[in-house]
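2 protein chains.
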Amino acid sequence: MTEISQTLDPALIDRFVAIVGDKYALRDPQDIAPFLVERRGLWHGATSLVLRPGSVDEVCRIMRLATETGTPVVPQSGNTGLVGAQVPDRSGREIILSLSRLNRIREIDLLSNTVTVEAGVILQTLQEAADAAGRLFPLSLAAQGSCQLGGNLSSNAGGTGVLAYGNARELCLGVEVVLPTGEVFDDLRKLKKDNTGYDLKDLFVGAEGTLGVITAAVLKLFPKPKGREVAFAGLSSPEAALSLFGLAMDRAGASLTAFELIGKRPYDFTLKHAQGVTRPLAEDWPWYVLMQVSSGRSEEDGKALVEEVLSAALEQGIVGDAVIAASLAQADAFWNFREVLPESQKPEGASIKHDISVPISSIPEFIGKAAGAVASVIPAARVVCFGHMGDGNLHYNISRPEDAEDEAFLGLYHAMNKAVHDVVRSFHGSISAEHGIGQLKRDELIATAPPMAIDLMRRVKAAFDPAGIMNPGKVI
Amino acid sequence: MTEISQTLDPALIDRFVAIVGDKYALRDPQDIAPFLVERRGLWHGATSLVLRPGSVDEVCRIMRLATETGTPVVPQSGNTGLVGAQVPDRSGREIILSLSRLNRIREIDLLSNTVTVEAGVILQTLQEAADAAGRLFPLSLAAQGSCQLGGNLSSNAGGTGVLAYGNARELCLGVEVVLPTGEVFDDLRKLKKDNTGYDLKDLFVGAEGTLGVITAAVLKLFPKPKGREVAFAGLSSPEAALSLFGLAMDRAGASLTAFELIGKRPYDFTLKHAQGVTRPLAEDWPWYVLMQVSSGRSEEDGKALVEEVLSAALEQGIVGDAVIAASLAQADAFWNFREVLPESQKPEGASIKHDISVPISSIPEFIGKAAGAVASVIPAARVVCFGHMGDGNLHYNISRPEDAEDEAFLGLYHAMNKAVHDVVRSFHGSISAEHGIGQLKRDELIATAPPMAIDLMRRVKAAFDPAGIMNPGKVI
Chain A
1 MTEISQTLDP
11 ALIDRFVAIV
21 GDKYALRDPQ
31 DIAPFLVERR
41 GLWHGATSLV
51 LRPGSVDEVC
61 RIMRLATETG
71 TPVVPQSGNT
81 GLVGAQVPDR
91 SGREIILSLS
101 RLNRIREIDL
111 LSNTVTVEAG
121 VILQTLQEAA
131 DAAGRLFPLS
141 LAAQGSCQLG
151 GNLSSNAGGT
161 GVLAYGNARE
171 LCLGVEVVLP
181 TGEVFDDLRK
191 LKKDNTGYDL
201 KDLFVGAEGT
211 LGVITAAVLK
221 LFPKPKGREV
231 AFAGLSSPEA
241 ALSLFGLAMD
251 RAGASLTAFE
261 LIGKRPYDFT
271 LKHAQGVTRP
281 LAEDWPWYVL
291 MQVSSGRSEE
301 DGKALVEEVL
311 SAALEQGIVG
321 DAVIAASLAQ
331 ADAFWNFREV
341 LPESQKPEGA
351 SIKHDISVPI
361 SSIPEFIGKA
371 AGAVASVIPA
381 ARVVCFGHMG
391 DGNLHYNISR
401 PEDAEDEAFL
411 GLYHAMNKAV
421 HDVVRSFHGS
431 ISAEHGIGQL
441 KRDELIATAP
451 PMAIDLMRRV
461 KAAFDPAGIM
471 NPGKVI
Chain B
1 MTEISQTLDP
11 ALIDRFVAIV
21 GDKYALRDPQ
31 DIAPFLVERR
41 GLWHGATSLV
51 LRPGSVDEVC
61 RIMRLATETG
71 TPVVPQSGNT
81 GLVGAQVPDR
91 SGREIILSLS
101 RLNRIREIDL
111 LSNTVTVEAG
121 VILQTLQEAA
131 DAAGRLFPLS
141 LAAQGSCQLG
151 GNLSSNAGGT
161 GVLAYGNARE
171 LCLGVEVVLP
181 TGEVFDDLRK
191 LKKDNTGYDL
201 KDLFVGAEGT
211 LGVITAAVLK
221 LFPKPKGREV
231 AFAGLSSPEA
241 ALSLFGLAMD
251 RAGASLTAFE
261 LIGKRPYDFT
271 LKHAQGVTRP
281 LAEDWPWYVL
291 MQVSSGRSEE
301 DGKALVEEVL
311 SAALEQGIVG
321 DAVIAASLAQ
331 ADAFWNFREV
341 LPESQKPEGA
351 SIKHDISVPI
361 SSIPEFIGKA
371 AGAVASVIPA
381 ARVVCFGHMG
391 DGNLHYNISR
401 PEDAEDEAFL
411 GLYHAMNKAV
421 HDVVRSFHGS
431 ISAEHGIGQL
441 KRDELIATAP
451 PMAIDLMRRV
461 KAAFDPAGIM
471 NPGKVI
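Sequence lines, in order, name chains A and B.
Mind the numbering: the first sequence is residues 1 to 476 in the working numbering, read in order.
Mind the numbering: the second sequence is residues 1 to 476 in the working numbering, read in order.
Next comes chain A alone, as it looks inside the complex (with noise of 0.2 angstroms):
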């Protein structure tokens, strides 16, 4: 259990135990526990209180109390998040809001496509809700089981879906934000359309909890397509991949609904290391497209379309080999091959990842490009490569190489950061295309993003937290 620095005046914590009653006020060292690590292991915060609203109208109270006595307090939802944006400091100082129990869906409109939900609703929970009630909500990421959706808005996430329906931010048509003083702004508007005046709710989405604590939200429901086709293609390059992609949007355009990309590496360990998983194509290929293909219409309208790719990319040369699956149960094959993919990389040892993105027609120079920098700080460090082409973003893991030690490997990471990131800046590229900035980014990114972009964003965190105590540390 990490030290506390310092503690919280007794006093203090009983009037913000007062607030959500005995029970839902954890004060046990082994009760927070779980709260302030995430599952990286990267950060270890300390408080000596969480807190579990079970209300906005409670999410006020203690965001007022907060106001009043210039408590710092770190909001949470799922505890899902990979930058460490919803783990407190070390300080003992500050105190955790969990969301967790704000759970409800409070309205699914079917003739609207709207879903109103509070911040505590897992993913996957609103993703089942949204199918009984024979809609899509698309947001899918690899921790849908447990994260949720304050969480998902707070750090607008991406996932597989984003390349037909947007992320989070896209996804999301109105928020319930209480602000740092405990007051409510109350945009849960179900409108496409509404120009008036600037924008805040696209503020919030996205700010990590620095802003104020999304409560909840109106998200976009689409219809549920008839037929999936997902297939599995071999290929020389990544301007082949590149070509696929073009292919694919002209043929396929809006249903075109995954374009993943994934480098022989990622690929082997998959096979080496993944329980239960198949090869899905006979033959090896230095690199491998997964691409989902969803019709509005029937599942021989999706079959049909994909094999109208995927012949004419075999007729011109751009893939050497792909499979179709065949039943739902190979898609869904393809599909967990994906998923268990990025934990495959662990048996190999310590690895160095970046979630970053460029602009799609330069992802092959990119690749070709990083090769280069990560092997000038390490010669014989392995490149992990794979994500969403479609999006432009890349999952740019390095593992150690297969000789070395981790913790000499681990020494190198700034330095291997910095050369990846530097090549991701000559692109105009992002440094954190999905995961956000939290803790792990936010030097990085005040020290190397354009100064008059750290300069507004300076300025909107004082206009809306002047006192500076909605999720300090984090983002900027």
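Since the hints were derived computationally from the structure, they do not count as laboratory data.
None of the hints are false.
Straight-line distance between alpha carbons at most 30 angstroms, and here's what the computed BS3-like set of lysine-lysine pairs gives:
| id | chain 1 | residue 1 | chain 2 | residue 2 |
| --- | --- | --- | --- | --- |
| 1 | A | Lys418 | A | Lys369 |
| 2 | A | Lys303 | B | Lys224 |
| 3 | A | Lys226 | B | Lys224 |
| 4 | B | Lys224 | A | Lys224 |
| 5 | B | Lys303 | A | Lys226 |
Keeping the supplied structure of chain A fixed, place chain B upon it in accordance with the hints.
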């Protein structure tokens, strides 16, 4: 010509003129006049200086001098806005900054599907350039022959393409903005995913030039549809139109690229007053829908899809009659009917207009209640209701009673506005779905929006434009 109550110091004018050169600084009242009025003739501003910079650097120098001297600046591009955001006040203290010479299309990136444009590019020029490059730029609105992208972005323009492709904000990936101080916020990136801090881009989009001057933007391009089918349907009620929308979304999904509702009165006005239109349907109906389906595959495919939707709708009794355009010429004629429709209201005398949105599921109920509200102000007033039903956006206009005088009718302008907008607010709708706030709706926004929203907007304004020189008196 409007009286100028204050004039700018001639020495100051000289300093501004020196930045752009004599040729591009308009000082003659006759040259200036077209910049001081807009096409509805609702506002008449005053100024003694219009600057037409030819580079971003010149824009920076203008804003730097404006900050130094406390000179208010009104940015203007195509001057087609409908809420007076681009027109200066009558004081004579403000100068106009025209963006129209920044009219380069800087780059089209076919693989990333992006285009980088300057603020002065005319929308139709961009549409044509995208088309020539084999792509679709889907923003489409009545003023497209003269409006410019800077204004489209600053007003977050909507139009007929929003249903499938989103409004200007959703089409924009990055912006280049000159701040009030003359510094540049360069966020001109082509990234579909970028979670590096607050969403500043979306603050500038839709801010109507009150936070900074958008000088360029990266916009999304789309594959060109291979088949486009347009149908005109006659229906008995808004409820039936809502059912048709649900059915069309279910069958066509993302291929449904327009769904416009037209009431009997605007339909009849168009037949009566517009030149060269033909009657789309043989029989009369209380309501009409213009529907477009776009196929990424082929003309036959689009036709099959629209036929499937309409035969299901006829079978279920949702639609009374329907015609699918048999040729490109007929499709264009259907669209022309929709495009000349707003103008066809003019010969019927004075009108009071509303650009509102409500949740799509509430449209029938809204139409019922709003009719009652209108009648309670002026019993014989004629409701002219049409709009982008698929976006929940109606142009809910009121023509004066047949036998009334324009002036007496317009005397009830504010009472009518209030009556209609009160109904909008009862549905948590928007009093400006796509036109913005500008001068027209500023007082009403401030008086009726949730005080917290106004407070937050004022904080943003103060943070970005502390001196208040950036298009003052608009929005907030």
